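Peer 1: Top line first, the protein sequences correspond to chains X and F. Sequence positions in the first sequence follow the working numbering and run 27 to 302. Sequence positions in the second sequence follow the working numbering and run 353 to 685.
Just so you know, the hints here were simulated from the structure itself, not pulled from any lab data. No experiment lies behind these values; they were computed from the predicted model shown. Each hint should be verified, as a subset may be incorrect.
What the hints assert, rightly or not - 20 Å max Cα-Cα, derived DMTMM-like pairs, lysine to aspartate or glutamate:
(1) X:Lys251 / F:Glu657
(2) F:Lys556 / X:Glu156
(3) F:Lys573 / F:Glu429
(4) F:Lys446 / F:Glu663
(5) F:Lys456 / F:Glu579
(6) F:Lys419 / F:Asp672
(7) F:Lys456 / F:Glu609
(8) F:Lys649 / F:Glu581
(9) F:Lys528 / F:Asp486
(10) F:Lys519 / F:Glu657
(11) F:Lys419 / X:Asp267
(12) X:Lys251 / F:Asp677
(13) F:Lys642 / F:Glu625
(14) F:Lys645 / F:Asp574
(15) F:Lys521 / F:Asp672
(16) F:Lys446 / X:Glu156
(17) F:Lys519 / F:Asp486
(18) F:Lys664 / X:Asp267
(19) F:Lys521 / F:Asp483
(20) F:Lys556 / X:Glu195
(21) F:Lys664 / F:Asp677
Claimed, not checked - Not close to chain F: a few residues of chain X, all C-beta gaps over 10 Å, as computed:
(22) Val35
(23) Thr48
(24) Met106
(25) Leu151
(26) Val153
(27) Leu196
(28) Ala199
(29) Ala200
(30) Arg233
(31) Pro249
Just so it is clear, CB atoms sit at the ideal spot from N, CA and C, and this is done for glycine as well.
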Amino acid sequence: MSFLKRHSVLPGFGLSMGFTLTYLGLLVLLPLAAMILKASELDRQAFLHILLDPRIIAAFRVSLWTSAAAAAVNMVFGSMLAWVLVRYEFPGRRFCDAMVDLPFALPTAVSGITLTALFAPTGWLGVWFERVGVQVVFTPLGIVVALVFISLPFVVRTLQPALEDLDPELEEAAASLGAGRWQALVRVIAPVLLPALLTGFALAFARALGEYGSVIFISGNMPMKTEIVPLSIIMKLEQFDVAGATAIATVMLAFSFVLLLAINILQSWSASRHAG
Amino acid sequence: MDHRSLLVFAAAVLISAVGAECQTILNVSYDPTRELYQEIDTAFGGYWLGKTSQTVTVQQSHGGSGKQALSVISGLEADVVTLALAYDVDAIAKAGLISPGWQKRLPQNSCPYTSTIVFLVRKGNPKGIRDWDDLAKSGVQVITPNPKTSGGARWNYLAAWEFARRKYKGDPSAVKAFMVSLFRNVPVLDTGARGATVTFVERKIGDVLIAWENEALLVSKDKEKGEFEVVTPPLSILAEPPVTVVDKVVEKRGTRELASAYLQYLYTPQAQEIIARYYYRPRAEKVLAKHRKLFPKARLITVEESFGGWEKAHQEHFADGGTFDQVYQPGTR
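Taking the hints into account, I'd like the entire structure generated from these sequences.
Peer 2: Right under this line is the structure:
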């Protein structure tokens, strides 16, 4: 560890690093390792048989595209929200700011039931959708609605600090050098915010992918149409098929991990490009 | 604190500690029995105090039947389990926590109360729902939970299946076609029975809810008079939620006597009366006769006779690739 020590002027590195590794190991790695161990009870053929079941494939398709859609929606509207909260002073700003975190705090089942009540054909919002012939609840659209709700804070909270660091003088400089508003946005603001935006997207996506509580109330859980992957896992567990459940979970985890890793690499790439 | 009060205090602590250790049992049950067992537990406390002058606390845990079984398997120290179907208890037995012949240990298949599957329809029964084949007609929306996630919903499915089997004289393709047209009428598969009830009652979706009789009666009595009606089909299934002692746990905690007494208490007239009040069908003939108005007679088949037990029924219908999955195979709908 001496070679690591050389880099730091702060004392206590060994102790805090040891603590960090133990903590992460116990809290994150151990459960994941147990999960993978359980999944490895299955041989390759059984593993593939579970995953290639058309219903599981359909569930993966639904989960992946609804999560991506929800994260994309939040990337657009969440950044607008973050922009407004950071850049403007207005009465009730603190209040709005606090409201962003509510989806974090609410039990997800409560969000699901509330959203279902709102968007049901008899609900306050559902009646309007019904009039234009759009059904929200018990369709993939309903899943997107629930996922947008629960993943909103991830985008807003990652973007806020980046926006706070973004000096308005940069835009003023761009303007004084003759850049139009659009040019300033695309050439000056967007590159600075991109890493935070990507992180926000990835976090929102990963969170949405794993969401269960709120979705099952609004999705209708129709096989092949609106079943999500976490529900397939629960179905396996209900049949006491723990190995099968962990097999699906492992693949889901791999998806999230690859995504988070890719975003991290993209980020460091964009940061180094910026620095250079 | 002087010496004497200290001594009294210490004695009290000691007694309560000892008392707490040997006189608390945990009943792990499924969702809709929460209120039933609250009352039973209080009544049992009184009964046990009178009999042995010991105080007893029964702790309750409720959740989806399958999930509860899984918790017990993973180490939740349940002295007794009172679940929605024998299949879930069998799973605990398979894990070695309950001895194999458990269902013979108490009278009537270890089911001190039963229920059946009925239809809850809207005021005046506008779609004229009387029997199972009315559910498969086009233009009728049926609400039932997903039998893969809801133990309770498996009874619904099996009842419909048995109806079709009798109607079509066992012709497998006709039975399957019936199930397909029935489930074509199901717009949403909630994960649990309460969820399905909420969809039907609060969201006002669907024309008929397939439900346990106790749940249907609870809703129809609870809501404004006449908003819902209960229709008992001529043929249905005897839902038998079993109860049993978890051997490994009571041996470890030394609570076998108390736990067994608790379950036997469920068969006493007092408990049977409470059971009827919470809309479960009591086993005691006398109590049942007294509440006959609530529980109309119907032909009730059992899983044992019609399906050869839960293990077999599960393999055939609810395991991956079973008949329920086939209903939803692409192309069949």
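Peer 1: Please list, smallest to largest, the hint numbers that this structure does not respect.
Peer 2: 1, 3, 5, 15, 16, 20 and 31
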